[in-house]
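Novice: Keeping the supplied structure of chain A fixed, place chain B upon it in accordance with the hints.
Number of protein chains: 2
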Amino acid sequence: MMKDILDRPEAVSVEQALRILDELGPAVTPAEVLPIEEAYGRVLSSDLLSPEDLPGFNRSTMDGYAVHSADTFGASETMPVYLKVRGEVRMGKRPDFSLKRSEAAAIPTGGMLPDGADAVVMVEHTNRVSTEMIEVMKTVAPNENVILAGEDVRKGEVVLRRGRRLRPQDVAALAGVGVVEVEVHRRPLVAVISTGDEVVPAEGAVSAGEVRDMNSYNLSGLVLRCGGIPVRKGIVRDHPDQLRKALAESLQEAEMVLLTGGSSVGTEDHTARVMEELGPPGILFHGAGIKPGKPLIAAASGGIPLFGLPGHPAAVTVCFETFVEPVLRRISGERGKAYLPSRRTVKAFFGRSLHSSPGREDHIRVSLRKRDEVLWAVPVLGKSGLIRTLVEADGVVVIPPNRTGLYEGEEVEVRLFNE
Amino acid sequence: MMKDILDRPEAVSVEQALRILDELGPAVTPAEVLPIEEAYGRVLSSDLLSPEDLPGFNRSTMDGYAVHSADTFGASETMPVYLKVRGEVRMGKRPDFSLKRSEAAAIPTGGMLPDGADAVVMVEHTNRVSTEMIEVMKTVAPNENVILAGEDVRKGEVVLRRGRRLRPQDVAALAGVGVVEVEVHRRPLVAVISTGDEVVPAEGAVSAGEVRDMNSYNLSGLVLRCGGIPVRKGIVRDHPDQLRKALAESLQEAEMVLLTGGSSVGTEDHTARVMEELGPPGILFHGAGIKPGKPLIAAASGGIPLFGLPGHPAAVTVCFETFVEPVLRRISGERGKAYLPSRRTVKAFFGRSLHSSPGREDHIRVSLRKRDEVLWAVPVLGKSGLIRTLVEADGVVVIPPNRTGLYEGEEVEVRLFNE
Numbered sequence: 001m002m003k004d005i006l007d008r009p010e011a012v013s014v015e016q017a018l019r020i021l022d023e024l025g026p027a028v029t030p031a032e033v034l035p036i037e038e039a040y041g042r043v044l045s046s047d048l049l050s051p052e053d054l055p056g057f058n059r060s061t062m063d064g065y066a067v068h069s070a071d072t073f074g075a076s077e078t079m080p081v082y083l084k085v086r087g088e089v090r091m092g093k094r095p096d097f098s099l100k101r102s103e104a105a106a107i108p109t110g111g112m113l114p115d116g117a118d119a120v121v122m123v124e125h126t127n128r129v130s131t132e133m134i135e136v137m138k139t140v141a142p143n144e145n146v147i148l149a150g151e152d153v154r155k156g157e158v159v160l161r162r163g164r165r166l167r168p169q170d171v172a173a174l175a176g177v178g179v180v181e182v183e184v185h186r187r188p189l190v191a192v193i194s195t196g197d198e199v200v201p202a203e204g205a206v207s208a209g210e211v212r213d214m215n216s217y218n219l220s221g222l223v224l225r226c227g228g229i230p231v232r233k234g235i236v237r238d239h240p241d242q243l244r245k246a247l248a249e250s251l252q253e254a255e256m257v258l259l260t261g262g263s264s265v266g267t268e269d270h271t272a273r274v275m276e277e278l279g280p281p282g283i284l285f286h287g288a289g290i291k292p293g294k295p296l297i298a299a300a301s302g303g304i305p306l307f308g309l310p311g312h313p314a315a316v317t318v319c320f321e322t323f324v325e326p327v328l329r330r331i332s333g334e335r336g337k338a339y340l341p342s343r344r345t346v347k348a349f350f351g352r353s354l355h356s357s358p359g360r361e362d363h364i365r366v367s368l369r370k371r372d373e374v375l376w377a378v379p380v381l382g383k384s385g386l387i388r389t390l391v392e393a394d395g396v397v398v399i400p401p402n403r404t405g406l407y408e409g410e411e412v413e414v415r416l417f418n419e
Numbered sequence: 001m002m003k004d005i006l007d008r009p010e011a012v013s014v015e016q017a018l019r020i021l022d023e024l025g026p027a028v029t030p031a032e033v034l035p036i037e038e039a040y041g042r043v044l045s046s047d048l049l050s051p052e053d054l055p056g057f058n059r060s061t062m063d064g065y066a067v068h069s070a071d072t073f074g075a076s077e078t079m080p081v082y083l084k085v086r087g088e089v090r091m092g093k094r095p096d097f098s099l100k101r102s103e104a105a106a107i108p109t110g111g112m113l114p115d116g117a118d119a120v121v122m123v124e125h126t127n128r129v130s131t132e133m134i135e136v137m138k139t140v141a142p143n144e145n146v147i148l149a150g151e152d153v154r155k156g157e158v159v160l161r162r163g164r165r166l167r168p169q170d171v172a173a174l175a176g177v178g179v180v181e182v183e184v185h186r187r188p189l190v191a192v193i194s195t196g197d198e199v200v201p202a203e204g205a206v207s208a209g210e211v212r213d214m215n216s217y218n219l220s221g222l223v224l225r226c227g228g229i230p231v232r233k234g235i236v237r238d239h240p241d242q243l244r245k246a247l248a249e250s251l252q253e254a255e256m257v258l259l260t261g262g263s264s265v266g267t268e269d270h271t272a273r274v275m276e277e278l279g280p281p282g283i284l285f286h287g288a289g290i291k292p293g294k295p296l297i298a299a300a301s302g303g304i305p306l307f308g309l310p311g312h313p314a315a316v317t318v319c320f321e322t323f324v325e326p327v328l329r330r331i332s333g334e335r336g337k338a339y340l341p342s343r344r345t346v347k348a349f350f351g352r353s354l355h356s357s358p359g360r361e362d363h364i365r366v367s368l369r370k371r372d373e374v375l376w377a378v379p380v381l382g383k384s385g386l387i388r389t390l391v392e393a394d395g396v397v398v399i400p401p402n403r404t405g406l407y408e409g410e411e412v413e414v415r416l417f418n419e
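Line by line, the protein sequences give chains A and B.
In terms of our numbering, the first sequence opens at residue 1 and continues consecutively.
In terms of our numbering, the second sequence opens at residue 1 and continues consecutively.
This is chain A alone, in the form it adopts within the complex:
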């Protein structure tokens, strides 16, 4: 950990913080087997090889006639080719005949090509001359209008790689090759602790001087949204011993620990002290160049990451989305394309000129409004301790550390909050 000249830990930049977290290599959750209906959004824990060909047979992609393509060579509107109708392919059935040369069989889209056929002529390019005869007015190439057996997925081939978070179509592919159970990473358990002597539960009475616990609800939702399971550890009094006990318990139960708290200087200090004791490696960084969220503490005990998040609601959201989510996704076993965006974004014009201190990322909460077909991102101002600013905001605009503000009317990219 870097120290400043007064031996206080120095805030790292967002980039440095992400690099430190990236090198953490946290323990990934073990695998479990699930029916595919329950595997949506889960992460594959091993490569999935197809047990069979898809499709299992040569399949027509058109309504028409199955033919020997060679029989159609040279066929045209003015010079049709005549073929004998050998029969009709029934949907879902193996044809009980095979085609000889100069024969054709009626076939529906999705039907199985009879032996001997290697292409399909679309019905539009044929004429039924009699019950026994068609004329073909177009040349078809071998395999034209056909999906070959195994053309979609070949037996033994990797359908999906480990680390893939299963989307609806991925689960459909598993069904398509007859895989109805799948090995996925267990959802990571994330301990959520609220600290503070003034914090009381959401339910029940509240006395003067007390505030209800909001942060654990915000954090639990953020954890759920990333596929984790929040383990609510309740509210912990603001004393090192109680904190130490709650963290030790959480390290036994969970794969990640999130603590919010405690915005006073004293609280932050003893949170840091207790987290340092829990190492190795202990504290990874204390303080990050981000607003809101500067007092953030990141630590690890063995393979388990711990985050001490500032107590302001907006800081909780910004720090989670920026620092916690990427780590949680790695614990989940996810190995996606890191360059794909994790949030919905939209371009808008910034609603008013705003100053920002250089040297840190400033995450400005904004509300989007449409006026005369133009989208405006209007900053939701107010102390970062107010939950209202987060409720009114649709997302954030990030002012990078090298800028000192934004101008009214400047085009910005808004990162929307997840639902």
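Among the hints, a few may not be true.
[Unchecked claim] Where chain B lies over chain A, by a calculated footprint (3+ residues, C-beta under 8 Å): (1) 45-57; (2) 97-111; (3) 385-392.
[Stated by the list, open to error] Within a straight-line C-alpha distance of at most 30 Å, the following computed BS3-like cross-link-like pairs (lysine-lysine) qualify: (4) B:370 to A:347; (5) A:383 to B:155; (6) A:155 to B:383; (7) B:347 to A:337; (8) A:383 to A:233.
If you're looking for bench data, these hints aren't it; they were derived computationally from the structure.
Remember, predicted model here, so these are calculated numbers, not experimental data.
Glycine included, every Cβ here is placed at the ideal spot set by N, Cα and C.
Specialist: Relative to chain A, chain B alone:
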């Protein structure tokens, strides 16, 4: 419904289709009461008024001293003001004293201001001269470094409006004002039917000519992703009577019906016929200017929308995201800002020149790749009947109806598939 000169229904444009669906005004699901821990992602069914002030007392936002602001007027580094230390505010407790003029009280961030105090001087701007005396080196204004009682949320005020899909911070706000149960719309039930004489279940053996049901897995996942509950109605043989029965049953059980099927012309025809019978209003449109997905059928029976989706996996995904999702969100009671994007998007360079037929929206599946720090959207080519094209794709690039293609290297916006 518009007809062409052969009395066949004419395909509507995507824009027309969306307008028709928008005018549908489907029935919205009724309300249910849930604990807030279970309400993440659910849609509020009535405006939520705060039962109390948040915070319930004047609260310090800094570590420092609570003061009468008037006592600090004119205070500066060179001309400090001296105040008597009356006591210390303990976190979470109502102070058992009040401040007289020329008195101050130590207060932590989040602490309750004693009666008589109207501002907080940050500890950095004070000096403890003795146990009983501080010097204040800065003037503070009334309410400086204070969140006033009710400043975040006032009792009786609307915290969240009906139609809001609850994000983590919205649930946190409910907790903050002591609301631990909330009225939300029930998740809509969506019947999912696969049709086709060749379609067999994902589990078990498959014979030549048969294919396993993939579409119901794709659709179920898409429904879940939008907050709906899929009701799997299984596979229905390709006969009007069986179809009629399955649809009638589904209309009893569900708030929306999705049917995939049946890519042959005959199947499409009797699906349309049965859906028309189920009116009023019956068929809303048959055929849409979109690829893949042209044979799409949209209908309604009473307030319940029905969609007949083409059988190709890619068409299922594209039609769902384009046409079904907005209707499903309205059934869920959602009343968001319609101009916010529903998907993650990313700019990329198009990977190869590609022709597209004008007059329809062409949804090209693409895989994103990063080469030398530049993002490329490479079309995943292949018949739309192949599930592989969907599995390999990260999202789609939409070629609008007035374009005849895209050039290699052209900048495009990729709409990512949801996880």
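Novice: Each hint needs a verdict: does it hold in this structure or not?
Specialist: Hint-by-hint comparison with the structure:
For the segment 45-57 of chain A, the stated coverage by chain B is satisfied: 5 residues place a CB nearer than 8 Å to a CB of that chain, which reaches the threshold of 3. Check on the segment 97-111 of chain A: 4 of its residues sit with their Cβ under 8 Å from a Cβ of chain B, so the three-residue criterion for coverage holds. Only residues whose C-beta sits within less than 8 Å of a C-beta in chain B count toward coverage, and the segment 385-392 of chain A has 6 of them, enough to reach three; the restraint holds. In summary, the hint linking residue 370 of chain B to residue 347 of chain A is supported, as the alpha carbons are separated by about 22 Å, within the 30 Å threshold.
For the proposed pair residue 383 of chain A and residue 155 of chain B, the alpha carbon gap of about 19 Å is at most 30 Å, so the pair holds. With a CA separation close to 19 Å, the supplied pair residue 155 of chain A and residue 383 of chain B stays within the 30 Å bound. In summary, the hint linking residue 347 of chain B to residue 337 of chain A is supported, as the alpha carbons are separated by about 15 Å, within the 30 Å threshold. Of the supplied pair hints, the one linking residue 383 of chain A and residue 233 of chain A holds, its CA atoms being roughly 28 Å apart against a limit of 30 Å.
Taken one by one, the earlier hints all hold for this structure without exception.
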